[in-house]
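Engineer: Listed below, chain by chain, are the residues.
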Amino acid sequence: MNTATAALQTHSQHTPHVAGDEKIRISDLHAFYGESHILHGIDLYVNQGELVTLLGRNGAGRSTTLKAIMNMVGRRTGSIMINGRETIDLPAHQIAWLGLGFCPEERGIFASLSVEENLLLPPDVRSDGMPLEEIYQMFPNLAERRNSQGTRLSGGEQQMLALARIMRTGANILLLDEITEGLAPVIVQRLGEVLQQLKQRGLTILLVEQNFHFAAPIADRHYVMEHGHIIEEVPQQQLHARQDQLNALLGV
Amino acid sequence: MTTILGINVFALLGQLLVGLINGSFYALLALGLAIIFGLLRIINFAQGALYMLGAFLAWLGLQQLGLNYWLALVLVPLAVGAIGILMERTLIRPIAGQDHLYSLLLTFGVALILQGAFNHWFGSSGQSYPIPDALKGGNNLGFMYLPTYRGWIILVSLVVCLATWWTIEKTRLGAYLRAGTENPQLLQGFGVNVPVMISLTFGFGVGLAGLAGVLAAPVYSVSADMGANLLIVVFAIVVIGGMGSIGGAILTGLAMGVIEGLTKYFYPQASSTVIFMVMVLVLLFKPAGLFGKEA
Numbered sequence: 001m002n003t004a005t006a007a008l009q010t011h012s013q014h015t016p017h018v019a020g021d022e023k024i025r026i027s028d029l030h031a032f033y034g035e036s037h038i039l040h041g042i043d044l045y046v047n048q049g050e051l052v053t054l055l056g057r058n059g060a061g062r063s064t065t066l067k068a069i070m071n072m073v074g075r076r077t078g079s080i081m082i083n084g085r086e087t088i089d090l091p092a093h094q095i096a097w098l099g100l101g102f103c104p105e106e107r108g109i110f111a112s113l114s115v116e117e118n119l120l121l122p123p124d125v126r127s128d129g130m131p132l133e134e135i136y137q138m139f140p141n142l143a144e145r146r147n148s149q150g151t152r153l154s155g156g157e158q159q160m161l162a163l164a165r166i167m168r169t170g171a172n173i174l175l176l177d178e179i180t181e182g183l184a185p186v187i188v189q190r191l192g193e194v195l196q197q198l199k200q201r202g203l204t205i206l207l208v209e210q211n212f213h214f215a216a217p218i219a220d221r222h223y224v225m226e227h228g229h230i231i232e233e234v235p236q237q238q239l240h241a242r243q244d245q246l247n248a249l250l251g252v
Numbered sequence: 253m254t255t256i257l258g259i260n261v262f263a264l265l266g267q268l269l270v271g272l273i274n275g276s277f278y279a280l281l282a283l284g285l286a287i288i289f290g291l292l293r294i295i296n297f298a299q300g301a302l303y304m305l306g307a308f309l310a311w312l313g314l315q316q317l318g319l320n321y322w323l324a325l326v327l328v329p330l331a332v333g334a335i336g337i338l339m340e341r342t343l344i345r346p347i348a349g350q351d352h353l354y355s356l357l358l359t360f361g362v363a364l365i366l367q368g369a370f371n372h373w374f375g376s377s378g379q380s381y382p383i384p385d386a387l388k389g390g391n392n393l394g395f396m397y398l399p400t401y402r403g404w405i406i407l408v409s410l411v412v413c414l415a416t417w418w419t420i421e422k423t424r425l426g427a428y429l430r431a432g433t434e435n436p437q438l439l440q441g442f443g444v445n446v447p448v449m450i451s452l453t454f455g456f457g458v459g460l461a462g463l464a465g466v467l468a469a470p471v472y473s474v475s476a477d478m479g480a481n482l483l484i485v486v487f488a489i490v491v492i493g494g495m496g497s498i499g500g501a502i503l504t505g506l507a508m509g510v511i512e513g514l515t516k517y518f519y520p521q522a523s524s525t526v527i528f529m530v531m532v533l534v535l536l537f538k539p540a541g542l543f544g545k546e547a
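Protein chains in written order, with the numbering used here: chain F, 1 to 252; chain W, 253 to 547.
Derived from the structure by calculation, the hints contain no laboratory data.
Remember, it's a predicted structure, so these values are computed and weren't measured experimentally.
All C-beta atoms in this analysis are idealised placements derived from N, C-alpha and C, irrespective of residue type, glycine included.
Keep in mind that a hint or two might mislead.
Listed next, with one range per pair, are the computed distances between beta-carbon atoms [to be verified]: (1) F:PHE32 / W:LYS545: 27 to 37 Å; (2) F:GLU86 / W:PRO539: 22 to 32 Å; (3) F:GLU181 / W:ASN445: 23 to 33 Å; (4) F:GLN189 / W:THR342: 52 to 62 Å; (5) F:GLU232 / W:PHE537: 53 to 63 Å; (6) W:LEU407 / F:GLY84: 55 to 65 Å.
Kindly produce the complete structure, drawing on both the sequences and the hints.
Structural biologist: So, in structure tokens, the structure goes:
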């Protein structure tokens, strides 16, 4: 039994790219807002349990990539496989049900809903989401302010709420857009801890991030985007060696 | 005759009652408009015509099918709601996302067509609908005589308005609606079928107009232009309450009915314009409306 488990683990370590492991596989993705062509043939994949970042300057198309996965852009062509299923023709409201949770850049906290209503709003897309009580233990601030209007929270609390909201639904593929933007270092550190915990739970995360120092220690791989293309793929092991090249690309 | 400070109390209370009844209709229609505006961002000019349709369907149901009042009270709002859903799917959805003006002109056109058709079929003189037996008569309250049916209108309107308000503000379904009003795209991203929600909301908002039509049939004469007269006042009420504000629409509807009633007593010449004067004042001093949020 133990040897069988060990064999399985070894096996999976040596073959990380088998189809069953792939939670997201995007091929030749183009996306358009009206007449403007934003994404020009994106190819990327994210394996089960991986945390992958999309790096790049503003306007490189990182947020659009996440929105395209959620079918929130005007028009998309190409292929987006989620759990091995083609979703390019799937209506927007069916995508989340494949186990996706989306945290938009502007956080998307609803002003006309209380904190708790915001938490309970998204339908459970899978059965093993985090119970409300556990969420409140993880984010005591949210518990304290559960009856406040969602947008009365501080920026950091709103970001916690936006994360907690999709953790509750049982989504096991998280698309997170700039979750550290404009937040104090202590909050950013807390968010890093939360992401670590989510990774330990086996969640798959695609993270759009500006703050390279936040993303570097927790990520498994990085993609660098520019002008709607993916121009580099950097595994975590090569990060140090290629630091200068990355700094130049990201303009940091 | 009881007079206090030169005011004829009975006459005043009588006008208040009339005001409250008018206010009940205002509230139901304004509520429907507010719900539709909130989620769809369209100004449904056909709301008055659909109220007229509700009254006519009740009348036709009784004449042609022997459908009694109580059945009409349930079935007609459902039928009008279904017509609303059909209208949303076939006419309004194709112009979704366009300028407000398109949906306004479209629903205005629908209103004119409905009005014209009923005018053609039934003429401009009103049809009368009998008060159901159980609601005939009235009670002497000591200070005034309350016809049972008038009390019934106020009761139904209050119950329906409060239930709607409670559903929108306090339930999960209502949370979807509020979230959809703010950010439909994100709500959709969470897995909620927003297009279906929009259709059902439009159907419900329009169904409220149908319900108001059935309630009105026994007290106002059923005629093709009964909705047109009411609609302009209802729009003023929605503006006073604040576009899209659910509670605002209900409270303002009732309040404006009462203010109109009071004006009828104190200065009858102004009674048909007082609501518009209030609207002008509100627009001058609180442009988002009494209960609206500043944009």
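Engineer: Now tell me, hint by hint, if it's right for this structure.
Structural biologist: Taking the hints in turn, this is what the structure says about them:
1. Take F:PHE32 and W:LYS545: their Cβ atoms lie about 34 Å apart, and the range 27 to 37 Å holds.
2. In this structure the supplied range 22 to 32 Å is violated for F:GLU86 paired with W:PRO539, their Cβ-Cβ distance being about 49 Å.
3. At about 31 Å, the beta-carbon gap between F:GLU181 and W:ASN445 stays in the expected band of 23 to 33 Å.
4. The supplied range of 52 to 62 Å is met by F:GLN189 and W:THR342, whose beta-carbon atoms lie about 54 Å from each other.
5. At about 58 Å, the CB distance of F:GLU232 to W:PHE537 agrees with the hint of 53 to 63 Å.
6. W:LEU407 and F:GLY84 have their C-beta atoms about 58 Å apart, which keeps the hinted 55 to 65 Å range intact.
The structure is inconsistent with hint 2 alone, although it conforms to all the rest.
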